[in-house]
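Student: One letter stands for each residue in the lines below.
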Amino acid sequence: MMFLEHKYTIEELIKRCRAGERKSQELLYKQLASKMMGVCMRYATDRMEAEDMLQNGFIRVFQKMNDYRGDGSFEGWVRRIMVHSSIEYYRKHHKMMQAVEMTEADEPSVNPLAVAKLDAKDLMALIQQLAPGYRIVFNLYAIEGYSHKEIGEIVGITEGASKSQLSRARAILRDQITKLEGKKYGYAG
Amino acid sequence: MDMQDKEFDNLFRSKLDGFETEPSANVWEGIDAELRTGNRRRIMVPLLSAAASIIVLVTAGVLLIPHHIKNTEGHSVKTTVAKRDTTVQSPIVVPSNKIAQVNTTVKQGPVKRMVASQSVKKQPVTVQPQTGNTVALQKPAVKQPTQEVLAALPQKHDVIIQPKQIDTAVLAANTTGTPDIKPTQAMVPDKQIIAKTLPPVKKHHIHSLGDMLNTVIAAVDKRKDKLIEFTDTDDDDDSMITGVNLGVVAVKKQN
Chain A
671 MMFLEHKYTI EELIKRCRAG ERKSQELLYK QLASKMMGVC MRYATDRMEA EDMLQNGFIR
731 VFQKMNDYRG DGSFEGWVRR IMVHSSIEYY RKHHKMMQAV EMTEADEPSV NPLAVAKLDA
791 KDLMALIQQL APGYRIVFNL YAIEGYSHKE IGEIVGITEG ASKSQLSRAR AILRDQITKL
851 EGKKYGYAG
Chain B
-1 MDMQDKEFDN LFRSKLDGFE TEPSANVWEG IDAELRTGNR RRIMVPLLSA AASIIVLVTA
59 GVLLIPHHIK NTEGHSVKTT VAKRDTTVQS PIVVPSNKIA QVNTTVKQGP VKRMVASQSV
119 KKQPVTVQPQ TGNTVALQKP AVKQPTQEVL AALPQKHDVI IQPKQIDTAV LAANTTGTPD
179 IKPTQAMVPD KQIIAKTLPP VKKHHIHSLG DMLNTVIAAV DKRKDKLIEF TDTDDDDDSM
239 ITGVNLGVVA VKKQN
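Protein sequences appear in the order of chains A and B.
Positions in the first sequence are counted from 1; adding 670 to them yields our numbering.
Mapping of the second sequence onto our numbering: position 150 corresponds to residue 148, and the numbering continues sequentially without gaps.
Zero decoy hints are in this set.
To give an idea of the interface, some chain B residues facing chain A are shown, with a C-beta separation under 8 Å as derived from the structure: (1) D7; (2) L9; (3) R11; (4) K13; (5) E18; (6) T19; (7) P21; (8) S22; (9) V25; (10) D30; (11) L33.
Hints listed in this document are in silico derivations from the structure and should not be mistaken for laboratory results.
All C-beta atoms, glycine included, are put in the ideal place defined by N, C-alpha and C.
Sequences and hints are given; from them, build the entire structure.
Tutor: Below you can see the structure in the form of structure tokens.
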């Protein structure tokens, strides 16, 4: 059982948030904000966009608090809301699924060690450079663990389009990693 | 050495799944502000809806009730006239061997029509046929001519009329057998009596946009000088502002 502020368990905090206690809402926000900011960063182009997504997501969390029935972890429920909030953000801002045409180049081979050497910030920067459509599908499939069918329903595209976009996203990321590797070791990728 | 898609994805997942970074402080401020606005909106929407409903009902009431009162006034005119006519209940003994009822036809104004339409045929009139005069009983009643006519009657005739009720009947005596009193002459004082008793009922028709606005404004603004007044004209397109009353400043064009 998670204890917060040496006083409240997460269940007590949820109960107080449902009652509209602003102080409890702030405590809950502080408890989860950094983790959820990490989620939003993967779907955003930059930090400012991620903060907008985070804000919208938490507003929805507090508004829909009664919808949480206790099935599964509360953190997982909030995380799903953040993901949907991030996708909704792109829908509203007309940035959705504009697949960037790319040449069907052969996927460059990537040394796993090279990827392992990259830290989280480098990988985050690579993901943020992807076009929104690729970024969303890659995040949903590779990191959140959704199937192509689920991604199709969430994003509003076909299963085939989801597979295609995932494949292209991987190709772009591999290409970028190879280039980074080349820079690091002094040869062009 | 190449890596498979699954392995590639796992590397990203392992490094990014637990990624945390502190958001700036204004994110909570934005959430807090939005939640407060949302709560206020949830409270205000029902209140505003109720207020809007009340305004609509009051406006509808203000616009509809005056029409109802006008109709009531119209009925009261009829009722009053009818009562005045039916007050002739005492027997009027007129020395005459011939009585003629003169039905007056009045073609002016709604009030006159209402008076003319009242039937006085059922009023009891007792005639003693021992005299030789011809008396015309004219309705509706006129006070002054009746008294004058009665004064002109010879004293030997037995004319019994109760003083409070003589205004409802006109007796015209004509020794020659033909009534002298013309209907138009009789109606003039009748009109005056009714005019003294009741305010004139003026049917106002809306002919122009100005008339319509005047009616609406009059329903809301009960002051003598309305907030804004338009010309009371029958011309459809010539409605002009004739008066403005802003409380402190009031301008009115004199006609």
